[in-house]
Amino acid sequence: MSTHTMSWVLTDVATETYVENFSITNEDLAIESRQPFSITKRRLRGGLSDGVDLIEVVNGPLRFTICPTRGMGIWRGQFQKWDLGWKSPVHGPVHPNYVNRDELGGIGWLQGFDEWIVRCGLNNNGGPAIDKLLDNTGAEQSMALPLHGRIANIPAHHVAVTVETKAPYTLTVTGLVDESMLFFPQLRLQTEIKTNPGSPSFTLRDRVINLRSQPAEFELLYHCNFGQPLLDDGSKFRAPVKRLAPINDVALKAIDRWNTYPAPTAGVIEECFLMQLLGDEETNRTIALLESPGGDKACALRFSLEQLPWFTLWRNPGAISDGYVTGLEPATDFPNAKPFERAKGRVLTLAPGESYDAELTIELAGSREEVEQLHQEIGAIQQQSQIQVDREIPADWSPAAE
Amino acid sequence: MSTHTMSWVLTDVATETYVENFSITNEDLAIESRQPFSITKRRLRGGLSDGVDLIEVVNGPLRFTICPTRGMGIWRGQFQKWDLGWKSPVHGPVHPNYVNRDELGGIGWLQGFDEWIVRCGLNNNGGPAIDKLLDNTGAEQSMALPLHGRIANIPAHHVAVTVETKAPYTLTVTGLVDESMLFFPQLRLQTEIKTNPGSPSFTLRDRVINLRSQPAEFELLYHCNFGQPLLDDGSKFRAPVKRLAPINDVALKAIDRWNTYPAPTAGVIEECFLMQLLGDEETNRTIALLESPGGDKACALRFSLEQLPWFTLWRNPGAISDGYVTGLEPATDFPNAKPFERAKGRVLTLAPGESYDAELTIELAGSREEVEQLHQEIGAIQQQSQIQVDREIPADWSPAAE
Amino acid sequence: MSTHTMSWVLTDVATETYVENFSITNEDLAIESRQPFSITKRRLRGGLSDGVDLIEVVNGPLRFTICPTRGMGIWRGQFQKWDLGWKSPVHGPVHPNYVNRDELGGIGWLQGFDEWIVRCGLNNNGGPAIDKLLDNTGAEQSMALPLHGRIANIPAHHVAVTVETKAPYTLTVTGLVDESMLFFPQLRLQTEIKTNPGSPSFTLRDRVINLRSQPAEFELLYHCNFGQPLLDDGSKFRAPVKRLAPINDVALKAIDRWNTYPAPTAGVIEECFLMQLLGDEETNRTIALLESPGGDKACALRFSLEQLPWFTLWRNPGAISDGYVTGLEPATDFPNAKPFERAKGRVLTLAPGESYDAELTIELAGSREEVEQLHQEIGAIQQQSQIQVDREIPADWSPAAE
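Protein chains in written order, with this note's numbering: chain A, 5 to 406; chain B, 5 to 406; chain C, 5 to 406.
No lab work stands behind these hints: they were computed from the structure. Some hints could be false.
The list cannot tell twin chains apart, which means a pair is met if one copy fits it or any two copies do.
Heads up, simulated EDC-like pairs for lysine to aspartate or glutamate below, C-alpha to C-alpha not over 20 Å straight-line [as the list claims (entries may be wrong)]:
id, residue 1, residue 2
1, 91, 16
2, 136, 381
3, 257, 139
4, 91, 20
Construct the complete structure from the given sequences, taking the supplied hints into account.
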């Protein structure tokens with residue numbers, strides 16, 4: 005670490021370090037940033053949130069809340085005056101101990117699902133499935149993989165805050181989350197969540213490390229979820245798309261309105277579209293965004309197709325009470341059951357000690373001009389090719405094809 | 005709320021309000037009640053109770069302890085000098101995180117069962133079963149329903165205390181408990197637990213609200229459990245009964261002694277009797293009670309047959325060490341597996357936004373005269389008809405009939 | 005308790021007693037022990053350890069940490085300068101609420117497994133299995149038994165510390181852990197963990213009590229786990245052995261090197277050897293030890309074959325990162341699935357109120373001379389008979405024989 009940083013460890017289980025309440029501001033640090041900033045940490049009490057730690061980063065126009073107790077996910081955010089995230093029927097943040105992953109046929113993960121940005125993985129990131137794993141005796145055993153995996157319900161064992169004392173005064177929250185046990189994959193998520201004072205964006209810089217002496221499969225998906233105000237009647241999804249396909253019959257019926265959203269609709273069934281995006285020809289980086297009905301607000305996701313080559317758009321525009329929400333989901337693969345993804349060659353493997361980097365930047369646009377600029381950027385990439393829209397469920401992308 | 009009340013919020017997760025310790029007495033409030041009263045709240049530490057909140061209400065002769073962490077159940081009580089509740093082999097109150105509902109074939113609920121009054125529900129209130137529910141894609145999925153449902157192991161997200169500053173100085177503890185998750189029923193329990201200083205009774209005023217835009221089935225049962233001293237050799241159950249039936253062969257053999265209790269008996273197997281009670285001809289309200297051997301103590305349950313039409317008497321007079329206990333259980337249905345109850349038309353459905361009210365008054369009698377008066381009340385209602393006793397297991401009431 | 009003791013209750017759930025931080029030293033107590041000693045208690049925060057209580061006993065040369073939250077297991081130790089215990093891929097101590105026993109086909113216990121000495125039991129101590137238990141109606145039900153049972157993930161409801169104020173100033177930590185619920189076995193573990201200032205040893209004096217009015221089966225195994233420095237390339241296991249057999253084909257292939265250890269080896273599969281040890285002819289007590297490569301360090305287990313007649317040696321010399329570890333496991337039976345152990349007559353039964361005592365002394369040797377003395381002791385017992393080595397999997401000891 006450079007001499008131009010200040011750093012605080014908030015949690016380190018190995019050394020029994022734990023800071024319950026923490027607060028710093030630019031003033032505390034005598035930093036003359038044009039933009040005032042703060043990082044505060046608190047521990048929640050009561051209800052399903054009892055014992056949950058939250059770290060709130062305010063960089064000026066943007067604020068977001070990191071949840072170390074839930075695998076360093078991003079619980080909620082706010083840009084200018086508008087909320088980022090969604091209203092789930094579950095009011096969280098929910099402590100992992102209230103989430104029983106195997107309940108209800110393996111979908112207990114939903115008991116804790118109310119975050120803005122939640123990672124799915126690391127051993128599996130898709131639907132519940134029975135998979136084969138080698139047990140302690142080297143024999144193959146059938147084991148249930150729970151919906152969206154375990155990483156979002158494991159607390160970080162190390163959490164730290166760093167502030168650069170020179171412009172641009174970068175603010176960083178780091179965390180280590182281990183998905184690990186004897187005889188099984190030992191995957192570590194190392195995350196750095198970074199922003200600069202005054203910036204309309206922040207970045208998750210994640211590294212997944214195979215700590216074991218054996219090769220380990222892994223899957224990683226960023227489930228980025230939006231409700232009102234970004235999602236509303238007439239909101240649009242935009243991205244440079246190479247190929248687009250429906251995941252099942254419900255999505256197939258909706259194929260012609262895949263990128264526009266209706267008003268909250270009671271009784272709607274979710275629609276999932278699977279995509280391969282196009283990236284910038286030089287960098288292979290891309291951009292996907294959700295845009296408000298007026299076109300004056302947008303939240304863009306920036307990432308590299310080298311790192312996150314597959315994209316899922318989850319549309320669930322139900323009644324407000326039921327969860328009016330859409331998910332933009334860049335990932336290493338599709339969130340199908342792992343055996344299917346493995347068969348299609350989309351499950352990655354890390355050699356012993358090997359790591360995999362994935363970076364996701366969340367960028368807010370708060371005016372028509374800024375949103376327009378994003379359109380142009382997407383348009384430029386889209387010029388490489390026309391969108392190929394599958395009008396049947398593709399057998400290589402979805403098990404529903406059969 | 006009237007201007008004649010004082011009110012304190014003890015927990016409100018939405019606003020991050022949480023009061024760990026709380027205590028008020030009539031003196032603190034300068035209330036000149038003839039009966040001194042107090043409401044105190046504490047948080048337990050250690051063992052299976054670590055992190056459990058308890059609210060103790062003392063109204064003079066009667067005290068009872070509400071457990072917000074366990075779905076606003078009533079953990080224990082005391083009237084005059086005698087204990088209300090029972091001695092379970094589990095020493096609680098047990099934090100829900102130690103209860104693994106799906107363990108042991110779906111009966112993990114028993115790991116936390118030691119309360120005086122515990123609600124069973126809200127999606128299901130009976131035995132473990134495989135049921136069909138629609139999943140996120142609208143497809144029917146088989147899912148395991150755990151014994152007695154989830155509501156008793158969900159903490160309240162809002163808890164408040166209210167005291168009326170005018171006679172009768174009503175004391176109220178309110179709570180909100182949500183059994184809810186994305187794609188699934190979203191049922192809210194709103195409870196007001198009320199008593200007056202000096203009163204031998206308190207009332208649970210419950211409302212179950214369907215928060216979802218879709219119709220929701222629900223089931224609700226009040227599992228009111230008694231051990232010594234109310235339950236002992238020669239104790240009697242009394243209620244105005246229309247029809248009574250054994251739930252299985254074990255109960256069938258005990259049919260002629262359904263309303264009297266033996267001394268604690270090692271190795272006894274539980275006996276369950278299903279009943280339809282009679283209500284007052286005008287109000288359709290009824291009363292069921294357990295009476296001590298001497299006939300000088302009783303605990304009565306008062307409720308409306310409009311709200312709670314079905315009644316189960318659970319007799320488990322085992323050795324003291326094993327749980328010498330009987331349960332009086334007014335409910336919306338019988339605690340059979342939900343698919344059976346549905347087939348027999350006893351599962352209720354709430355329209356979107358609709359709510360269902362259920363009120364249960366617990367009333368203590370501490371002298372032979374008071375107990376006698378309750379007898380007369382029951383006798384008056386019983387005059388409508390004779391008890392119909394089924395001497396075989398009825399196919400409409402129990403799946404054991406086959 | 006004698007008048008020459010001082011005593012402190014740290015946890016007593018029944019009386020709502022809980023001491024978060026505790027510390028005593030010989031100086032605090034004005035005890036003129038030649039060896040300074042201390043007993044301290046703390047509560048961990050953060051990560052998977054959040055809410056875990058630890059009690060550290062330092063008797064001079066020896067220190068060890070008791071974990072009341074995890075069934076009074078021994079988390080770690082240190083003798084002179086060397087560590088006792090092992091490095092698990094799970095970094096604990098892990099709070100039981102993060103352990104989902106039934107996950108992954110019943111091996112969720114591994115999610116919390118990083119202790120030096122952990123008890124397996126009490127209803128079952130072996131591999132996951134489907135077993136028959138009588139339910140509330142007296143009917144036989146199939147229920148899943150989780151790997152190594154429940155006792156290690158149940159917190160003690162009573163914890164106390166006692167110090168004798170006369171030489172040898174014995175230090176004792178006592179705990180009560182109940183594995184109990186309505187309709188099911190009610191087994192209490194009562195443990196006294198004792199050491200003397202300056203001693204190279206400590207003793208677990210355990211009593212398992214059947215609290216129920218019905219007979220109860222039980223199984224108990226002490227899973228004593230060692231990594232570096234005691235376990236290393238060339239370490240030796242020693243014990244007076246009557247009969248030794250491989251548990252499966254993997255162990256069969258390793259039968260000729262059963263008592264020596266390789267260096268950490270990536271990709272190794274565990275080898276388990278089942279044994280019947282020989283005991284001293286008078287007392288039927290025996291000794292089993294792990295010895296460092298140089299022969300200058302050893303940890304011995306002393307116990308009675310009357311109490312713990314069966315012994316398992318678990319060898320898992322994997323890569324350091326994966327868990328380089330061996331387990332010495334004296335027990336009431338072998339850690340096979342319970343139905344197999346029952347069929348072979350090794351599952352014990354306690355009558356109502358009956359108890360079973362098991363005592364295990366952990367003794368450290370820190371010099372070649374002390375280790376030599378242990379060799380001689382083992383050699384003297386071994387003279388009774390030669391080791392019988394089974395060169396096939398024995399049908400009476402392992403279900404893999406078939």
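Outcome of the hint check:
1. Taking the shortest Cα distances, residue 91 and residue 16 sit within 20 Å of each other only across copies (17 Å), while inside one copy they are farther apart (32 Å).
2. Proximity of residue 136 and residue 381 under a CA criterion of 20 Å is satisfied in neither setting, with 44 Å inside one chain copy and 47 Å between copies.
3. Taking identical chains as interchangeable, the C-alpha atoms of residue 257 and residue 139 lie at most 20 Å apart only when they sit on different chains, with a minimum of 18 Å there against 43 Å within one chain.
4. When the C-alpha separation of residue 91 and residue 20 is checked against a cutoff of 20 Å, the pair qualifies only between copies, where the shortest distance is 17 Å, while the shortest distance within a copy is 35 Å.
Violation of the numbered hints given earlier is confined to hint 2; every other hint is satisfied by the structure.
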